[in-house]
Structures are given as structure tokens and as C-alpha cells.
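Engineer: Protein chains in written order, with our numbering: chain X, -2 to 110; chain V, 31 to 146.
A portion of the hints provided could be inaccurate.
Derived lysine-lysine pairs resembling DSS-like cross-links, with alpha carbons at most 27 Å apart [unchecked claim]:
| id | chain 1 | residue 1 | chain 2 | residue 2 |
| --- | --- | --- | --- | --- |
| 1 | X | Lys97 | X | Lys51 |
| 2 | V | Lys44 | X | Lys68 |
| 3 | V | Lys94 | V | Lys71 |
| 4 | X | Lys97 | X | Lys65 |
| 5 | X | Lys65 | V | Lys96 |
| 6 | V | Lys71 | V | Lys50 |
| 7 | V | Lys94 | V | Lys44 |
| 8 | X | Lys97 | V | Lys44 |
| 9 | X | Lys2 | V | Lys85 |
| 10 | X | Lys97 | X | Lys2 |
| 11 | V | Lys85 | X | Lys97 |
| 12 | X | Lys65 | X | Lys53 |
| 13 | X | Lys97 | V | Lys94 |
| 14 | V | Lys96 | V | Lys44 |
| 15 | X | Lys97 | V | Lys96 |
| 16 | V | Lys71 | V | Lys44 |
| 17 | V | Lys50 | V | Lys96 |
| 18 | X | Lys53 | X | Lys68 |
| 19 | V | Lys50 | V | Lys94 |
Simulated from the structure, these hints should not be mistaken for lab results.
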Amino acid sequence: DQQVKQNSPSLSVQEGRISILNCDYTNSMFDYFLWYKKYPAEGPTFLISISSIKDKNEDGRFTVFLNKSAKHLSLHIVPSQPGDSAVYFCAASAKVGNEKLTFGTGTRLTIIP
Amino acid sequence: GAVVSQHPSWVICKSGTSVKIECRSLDFQATTMFWYRQFPKQSLMLMATSNEGSKATYEQGVEKDKFLINHASLTLSTLTVTSAHPEDSSFYICSARPGTGAYGYTFGSGTRLTVV
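Just chain X, same shape as in the assembly (with noise of 0.2 Å):
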């Protein structure tokens, strides 16, 4: 039973152009969301969360929207740049302070130059 759910298994997108990475999840107890980056043999590196009391959050370059309505939300990059290359996997938790985190099954970015 996957509850978190990322639809698209790879997305490139030209260098300078929006990335638009989508995440999906099905249980409503879900509050917090998190986004990751992994590269190949590495640990995922912590991007930026969003909270279930808001709709966006945005740092740099990094947007994440948050429709809890849909039980939807999305990472966007701009402009993305050929260092954002990776595998980005999207993850929930049902409680802050619950500490366990759901992970989706991850999309790879490629950014062509």
C-alpha cells in the first residue's frame, strides 16, 4: 500500500526553465510534507517542508504547494540549474514529532544544459 505516491518516474527539463516535481498521498492524517534530494549511493538531503496549515512554502529557488483538498502537493525549482540532477522523493509524516516519514518512490530530474 503505497501512500505516498510520486506518478512520474523521470522528468528533464531544459536548464533555466521551471521544474514542476508532483506528489501525491492518501492518508488524511498526513500533516507534514518534506521534500528530498538524493544522488546515487549518497543519503537524501533535506530540500524543504511544508506544513498541512499552509499552501506554500518557498526558499530560493524551491517552492512546494500544498492542496490538502486533492491530497496533492508539488516541489517547483526555478530557474533549475544542472546541479538539481537527482532523484527527488517527496515524504509525510502523520504528526510532527511522530518522526516516522512515508517516502514516495522518487522522480529523477535531469537538467539538460
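Given chain X's structure and the hints, the job is docking chain V onto it.
Structural biologist: For chain V alone, coordinates are given in the frame of chain X:
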């Protein structure tokens, strides 16, 4: 920033042997650490929650006798894969959270285990 060190980064072992993976929080204390496993092109799956000074909490379907977890101090958790088999070959990652709140989980660099 918070750093989690994981060792070894890769290991090859023979079937039937045991392998120990260490996870250390270098500049913070972690009463709780987490162990994940990732198969190729799949998501990170939580295996167990490691609790300092008490027994680990395992996720459904994870054999606690096969994946022994010890969290003897506030900065060290170990995962021992006992009697390893080729199907245990995977990428194992630990994580810890240096503060309160769900943000800020720090992950180790992972361990690639290959059982031959």
C-alpha cells in the same frame, strides 16, 4: 549543521555471515534513529525505529531477529544483518532528527550491502 555519519559506505560479504552497520550523530544527541532500506529504483522503506536504551520498533514484515538494532548511546545506533543472504543486498540508510519538529531529518550517506 547536523551531521550523521554512517559506516561502512559499502560492504561485500559471503552468504551466511553477519554484517554490522554503524550510524553516528556527530554533533548532536539522538534518542531516536531510523533505519531505511532502498532497493534499486524503489523508495526508501522504513525498517525500524531505534530507541536509545530500549528495544527497537520494527515495521511490519521486517524480521527483528535478522536485523538486529542496538542503540546503546545517544550518538550511536548499529544495524546488524545476521546470516546475510543475497536477497538482503540493498542500500541501507540511517537518519536522525537533531531537534523538535518533523523538519530537519538528517540522513547518513548510506551503506551498499552486497551479499555473494
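Engineer: Next, verify each hint and record whether it holds.
Structural biologist: Results of checking the hints against the structure:
1. Lys97(X) / Lys51(X): Roughly 21 Å separates the two Cα atoms, so the pair holds.
2. Lys44(V) / Lys68(X): Given that 27 Å is the threshold and the Cα spacing comes to 45 Å, the pair is violated.
3. Lys94(V) / Lys71(V): Status holds; Cα separation ~25 Å.
4. Lys97(X) / Lys65(X): The hint holds at about 20 Å.
5. Lys65(X) / Lys96(V): Roughly 39 Å separates the two Cα atoms, so the pair is violated.
6. Lys71(V) / Lys50(V): Holds. Lys71(V) to Lys50(V) sits at ~24 Å (cutoff 27 Å).
7. Lys94(V) / Lys44(V): holds, 21 Å
8. Lys97(X) / Lys44(V): violated, 32 Å
9. Lys2(X) / Lys85(V): violated, 31 Å
10. Lys97(X) / Lys2(X): Measuring from Cα to Cα gives roughly 17 Å; hence the hint holds.
11. Lys85(V) / Lys97(X): holds, 16 Å
12. Lys65(X) / Lys53(X): holds, 11 Å
13. Lys97(X) / Lys94(V): Given that 27 Å is the threshold and the Cα spacing comes to 18 Å, the pair holds.
14. Lys96(V) / Lys44(V): holds, 16 Å
15. Lys97(X) / Lys96(V): Holds, at about 21 Å.
16. Lys71(V) / Lys44(V): Holds, because 24 Å separates the two Cα atoms, which is no more than 27 Å.
17. Lys50(V) / Lys96(V): holds, 12 Å
18. Lys53(X) / Lys68(X): holds, 14 Å
19. Lys50(V) / Lys94(V): Holds: Lys50(V) and Lys94(V) sit about 14 Å apart, inside 27 Å.
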